[in-house]
Amino acid sequence: MAINRYTKMAYDSADDMIFGKCKHPVKTGLGLEIGGGYTTPEINYAPRPEAGASKEKLVKEYQRITTDIMNRMVQVGFPAVVLETEHVEQMTNNPTWGGEVAHAQKTIMEEFHDEYGIKCALRHTPGDIREDRDYLDLRGDKFTVLMESFEEIAANGADMLSLESMGGKEVFDYSILRNDVPGMLYAIGCLGTMDMDFIWQEISSVAKKHGVVSAGDTDCSEANTAMFIGGGLLDKNLAHTLAIIARAISAPRSLAAYEAGAVGPGKDCGYENTIIKAISGVPISQEGKTSTCAHSDVMGNVVMQCCDLWSNESVEYHAEFGGTSVQCWGESLAYDCALMNTATATGQEKTLRDLFMLSDKYRDPQGYVLAYDNAYRVGEAIVKDGNDIYLRAKNAALKSVEIMEEGIAGKLEMTKFEKGALADAKAALMALTDDQDTFMSDCMTKYKEEVKVFLPENYGL
Amino acid sequence: MTSLDIDPSDILVRYNVKLEKAMTPKDAAAELYPKDELYRQIAVAIFDGEEDDVIEGLEKAIAAGKNPIALIDDALMVGMKVVTDLYDQGTIFLPNVMMSADAMLDGIEFCKSQSDEAPVSKGKVVCHVAEGDVHDIGKTIVAALLRANGYEVVDLGRDVPVDEVIEAVKAEKPLMLTGTALMTTTMYAFKAVNDRLLEASLNVPFACGGGAVNQDFVSTYDLGIYGEEAADAPKIADKILAGSSISALKEEFHKH
Numbered sequence: 001m002a003i004n005r006y007t008k009m010a011y012d013s014a015d016d017m018i019f020g021k022c023k024h025p026v027k028t029g030l031g032l033e034i035g036g037g038y039t040t041p042e043i044n045y046a047p048r049p050e051a052g053a054s055k056e057k058l059v060k061e062y063q064r065i066t067t068d069i070m071n072r073m074v075q076v077g078f079p080a081v082v083l084e085t086e087h088v089e090q091m092t093n094n095p096t097w098g099g100e101v102a103h104a105q106k107t108i109m110e111e112f113h114d115e116y117g118i119k120c121a122l123r124h125t126p127g128d129i130r131e132d133r134d135y136l137d138l139r140g141d142k143f144t145v146l147m148e149s150f151e152e153i154a155a156n157g158a159d160m161l162s163l164e165s166m167g168g169k170e171v172f173d174y175s176i177l178r179n180d181v182p183g184m185l186y187a188i189g190c191l192g193t194m195d196m197d198f199i200w201q202e203i204s205s206v207a208k209k210h211g212v213v214s215a216g217d218t219d220c221s222e223a224n225t226a227m228f229i230g231g232g233l234l235d236k237n238l239a240h241t242l243a244i245i246a247r248a249i250s251a252p253r254s255l256a257a258y259e260a261g262a263v264g265p266g267k268d269c270g271y272e273n274t275i276i277k278a279i280s281g282v283p284i285s286q287e288g289k290t291s292t293c294a295h296s297d298v299m300g301n302v303v304m305q306c307c308d309l310w311s312n313e314s315v316e317y318h319a320e321f322g323g324t325s326v327q328c329w330g331e332s333l334a335y336d337c338a339l340m341n342t343a344t345a346t347g348q349e350k351t352l353r354d355l356f357m358l359s360d361k362y363r364d365p366q367g368y369v370l371a372y373d374n375a376y377r378v379g380e381a382i383v384k385d386g387n388d389i390y391l392r393a394k395n396a397a398l399k400s401v402e403i404m405e406e407g408i409a410g411k412l413e414m415t416k417f418e419k420g421a422l423a424d425a426k427a428a429l430m431a432l433t434d435d436q437d438t439f440m441s442d443c444m445t446k447y448k449e450e451v452k453v454f455l456p457e458n459y460g461l
Numbered sequence: 001m002t003s004l005d006i007d008p009s010d011i012l013v014r015y016n017v018k019l020e021k022a023m024t025p026k027d028a029a030a031e032l033y034p035k036d037e038l039y040r041q042i043a044v045a046i047f048d049g050e051e052d053d054v055i056e057g058l059e060k061a062i063a064a065g066k067n068p069i070a071l072i073d074d075a076l077m078v079g080m081k082v083v084t085d086l087y088d089q090g091t092i093f094l095p096n097v098m099m100s101a102d103a104m105l106d107g108i109e110f111c112k113s114q115s116d117e118a119p120v121s122k123g124k125v126v127c128h129v130a131e132g133d134v135h136d137i138g139k140t141i142v143a144a145l146l147r148a149n150g151y152e153v154v155d156l157g158r159d160v161p162v163d164e165v166i167e168a169v170k171a172e173k174p175l176m177l178t179g180t181a182l183m184t185t186t187m188y189a190f191k192a193v194n195d196r197l198l199e200a201s202l203n204v205p206f207a208c209g210g211g212a213v214n215q216d217f218v219s220t221y222d223l224g225i226y227g228e229e230a231a232d233a234p235k236i237a238d239k240i241l242a243g244s245s246i247s248a249l250k251e252e253f254h255k256h
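Note that the protein sequences, when read in sequence, are chains A and B.
Residue numbering for the first sequence follows the UniProt record's numbering, beginning at 1 and increasing consecutively.
Residue numbering for the second sequence follows the UniProt record's numbering, beginning at 1 and increasing consecutively.
Hint data in this document are derived by calculation from the structure and do not stem from the laboratory.
Please note that a few of the clues may not be correct.
As the list claims (entries may be wrong) - Sample of chain A residues with no beta-carbon within 12 Å of chain B, all distances over it, derived:
id: 1; residue: ASN93
id: 2; residue: ASN341
id: 3; residue: LEU412
To be verified - Pairs of lysine to any residue, SDA-like flavour, derived with a Cα cap of 25 Å:
id: 4; chain 1: B; residue 1: LYS18; chain 2: A; residue 2: ASN301
id: 5; chain 1: A; residue 1: LYS289; chain 2: B; residue 2: SER9
id: 6; chain 1: A; residue 1: LYS452; chain 2: B; residue 2: TYR188
id: 7; chain 1: A; residue 1: LYS57; chain 2: B; residue 2: ALA212
id: 8; chain 1: A; residue 1: LYS142; chain 2: A; residue 2: LYS452
id: 9; chain 1: A; residue 1: LYS55; chain 2: A; residue 2: PHE143
id: 10; chain 1: B; residue 1: LYS250; chain 2: B; residue 2: VAL120
id: 11; chain 1: B; residue 1: LYS124; chain 2: B; residue 2: ALA192
id: 12; chain 1: A; residue 1: LYS419; chain 2: B; residue 2: LYS124
id: 13; chain 1: B; residue 1: LYS191; chain 2: A; residue 2: LYS452
id: 14; chain 1: B; residue 1: LYS191; chain 2: A; residue 2: GLU316
id: 15; chain 1: B; residue 1: LYS255; chain 2: B; residue 2: GLN89
id: 16; chain 1: B; residue 1: LYS122; chain 2: B; residue 2: LYS170
id: 17; chain 1: A; residue 1: LYS426; chain 2: A; residue 2: ILE408
id: 18; chain 1: A; residue 1: LYS23; chain 2: A; residue 2: SER13
id: 19; chain 1: A; residue 1: LYS419; chain 2: B; residue 2: ASP10
id: 20; chain 1: A; residue 1: LYS448; chain 2: A; residue 2: GLN436
id: 21; chain 1: A; residue 1: LYS209; chain 2: A; residue 2: ALA155
id: 22; chain 1: A; residue 1: LYS452; chain 2: B; residue 2: PRO161
id: 23; chain 1: A; residue 1: LYS209; chain 2: A; residue 2: ASN301
id: 24; chain 1: A; residue 1: LYS289; chain 2: B; residue 2: ALA192
id: 25; chain 1: A; residue 1: LYS142; chain 2: B; residue 2: GLU199
id: 26; chain 1: B; residue 1: LYS26; chain 2: A; residue 2: THR415
id: 27; chain 1: A; residue 1: LYS55; chain 2: A; residue 2: VAL74
id: 28; chain 1: A; residue 1: LYS452; chain 2: B; residue 2: VAL153
id: 29; chain 1: A; residue 1: LYS419; chain 2: B; residue 2: LYS191
id: 30; chain 1: A; residue 1: LYS446; chain 2: B; residue 2: ASP48
As the list claims (entries may be wrong) - Stretches of chain B that chain A covers, calculated by requiring three or more beta carbons in the stretch to come under 8 Å of a beta carbon on chain A:
id: 31; region: 55 to 65
id: 32; region: 107 to 119
Think of the CB as a built atom: it goes at the ideal place given N, C-alpha and C, for glycine as much as any other residue.
My request is simple: use the sequences and hints to build the entire structure.
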């Protein structure tokens, strides 16, 4: 499949963006339309550790999980649901395991759909297994196994195909621990995008062959690593100003999936998704206050602002007082969606969107930049040089810096440390060339020397 | 676009802004540097994470008659302690520690190259990422913080088979083993490591942490000590050196 870069925005203004609706809705699964006028809960789960011991145990675990979720959805009267299965490594490394799990889950979902008419769809996300003990191996034998996994799940019931791809992570892990913003730009914006171009053309071909949806990626391995290292307000591991610069750079990287044939919905943990929706018009999944089962979050409400699917990120399957964990968290998600859908039905959706956004906008620099009005501006900076993967990533980083500086002049409070890190990042970005070839060449020399596990051949370099 | 806006102080509190210390990191560090000018120059270079300046300072000190191996404890580790103390106090952030640790390690290698003697570390720690798990940034941070605190680290890397962990513990005889994992299914390997260590009568404290790892899980095996943050690793090692038993470590570090 060809690469078609975005050079203009899907929306004429930020105010046109809303939850539950997008420019290019996606029909999938059993009667579901994502982004077609309503939000839908997307429930994500992890098997108990002991379930990984054999294929039979895993299949049984996912049957229990699926049945529990579907039962709870009909018990409380929710009209639609999406299930996302993020593979444990055994399911991707043994492609038939993933296929059998997908088949088992879809069989149960079909039974519920037939009996109750509940709209539903199944997303499967294989693990990005393209690495060995010491190095990323993005284009070798593990790539072949990964594609076999996509074939198996697409042939056996998965409606949507996703991935959390790892391109650039070896350089990113080195850079983020050293406040090295040009390194982050090279890792995410350049290496990450190059791998996205490669892998998403392949995934989109598999999806097309099987008549399922090529859904999209998330920069979990890089921007979320920065977000998690950043942590809460009092954590001392990374300036949140750097975490949001990494996030801004991740938007053009994750956008590359849609430039290579994916159509959405983008994956839940892609906090860059509001920017991507503004550019591409694809539906997006998001997670926030209802993913505290997986991680704390300083953007719990703001990320609901433009979601089409609303997710819990992941919860280990186990018993709670109110049922199993997937039933409890799924029910919370579905009630959130009912509220958003009620707002839409009563014409109050923009008010609710703005309440979601304002309740977090000043909590942290990350939420400030991702507030939909500012996210839209980052999108504009990306499409301005949409055909140059380096320049558009640099534009995104600089625009996020500019937005934060405006915030400091207004109501966004920051520590001296955060301001200092922001000033250092700005200086590093301003010192960079505008020429992609020069930047790539300089970075190749530097990181081949400094990062022992960086293999340029992973990126066709 | 919305015309709504709020006074955020009615909605949220930026506690990090409210509690930020008045003193800058550089000012705080200046109060902790050694007085001896030769040592001080090296300590400042460590704080700044400047490898070349560290080597230059070491060359000056050696030229002035200082013993290269003694400089590791007297200058490099003193400079690094300034960094780790300020990190523990919340005055500086992790990337500063990482850059300082890089500079310190370069300095140690330089000192070793200038002498026939071998330095003595505080103790040895074996670090690994669970079998089946390739997410290793947490282990990288743990290893750096241990080195920054004067421990020798044997880094087994990621996706380490249980057999290899056991063999490394037998061969290296560390004071502590660490294990990190991101995924619930891979952390199960920690139980196997624990059982094999006990079978071999290797009662080494096994500090575990990472994304999906939690205190409840680590509490289910005898040697396990849950570390909620990477910064707990050197603190646990310090307690072991001071004579704490595994049950005492569990009592102190299992906070929930």
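Verification of the hints:
1. ASN93: 9 Å, violated
2. ASN341: 20 Å, holds
3. LEU412: Label violated. Min Cβ-Cβ 8 Å, cutoff 12 Å.
4. LYS18(B) x ASN301(A): Answer holds: LYS18(B) to ASN301(A) is near 23 Å, not above 25 Å.
5. LYS289(A) x SER9(B): 20 Å, holds
6. LYS452(A) x TYR188(B): 30 Å, violated
7. LYS57(A) x ALA212(B): 20 Å, holds
8. LYS142(A) x LYS452(A): The hint holds at about 21 Å.
9. LYS55(A) x PHE143(A): Holds, because 22 Å separates the two Cα atoms, which is no more than 25 Å.
10. LYS250(B) x VAL120(B): Given that 25 Å is the threshold and the Cα spacing comes to 28 Å, the pair is violated.
11. LYS124(B) x ALA192(B): This hinted pair holds, its Cα atoms lying about 22 Å apart.
12. LYS419(A) x LYS124(B): With Cα atoms ~39 Å apart, LYS419(A) and LYS124(B) exceed 25 Å; violated.
13. LYS191(B) x LYS452(A): 31 Å, violated
14. LYS191(B) x GLU316(A): 18 Å, holds
15. LYS255(B) x GLN89(B): The given pair, whose Cα atoms are some 19 Å apart, holds under the 25 Å limit.
16. LYS122(B) x LYS170(B): Judged against 25 Å, a Cα distance of about 19 Å means the pair holds.
17. LYS426(A) x ILE408(A): 14 Å, holds
18. LYS23(A) x SER13(A): With Cα atoms ~13 Å apart, LYS23(A) and SER13(A) stay inside 25 Å; holds.
19. LYS419(A) x ASP10(B): 23 Å, holds
20. LYS448(A) x GLN436(A): Holds, at about 18 Å.
21. LYS209(A) x ALA155(A): 9 Å, holds
22. LYS452(A) x PRO161(B): 22 Å, holds
23. LYS209(A) x ASN301(A): 38 Å, violated
24. LYS289(A) x ALA192(B): 35 Å, violated
25. LYS142(A) x GLU199(B): It is violated: about 35 Å lies between the C-alpha atoms, which goes past 25 Å.
26. LYS26(B) x THR415(A): Holds, because 16 Å separates the two Cα atoms, which is no more than 25 Å.
27. LYS55(A) x VAL74(A): 29 Å, violated
28. LYS452(A) x VAL153(B): 18 Å, holds
29. LYS419(A) x LYS191(B): Roughly 44 Å separates the two Cα atoms, so the pair is violated.
30. LYS446(A) x ASP48(B): 20 Å, holds
31. 55 to 65: violated (count 0)
32. 107 to 119: violated (count 0)
Of the numbered hints stated above, those contradicted by the structure are hints 1, 3, 6, 10, 12, 13, 23, 24, 25, 27, 29, 31, 32, listed in ascending order.
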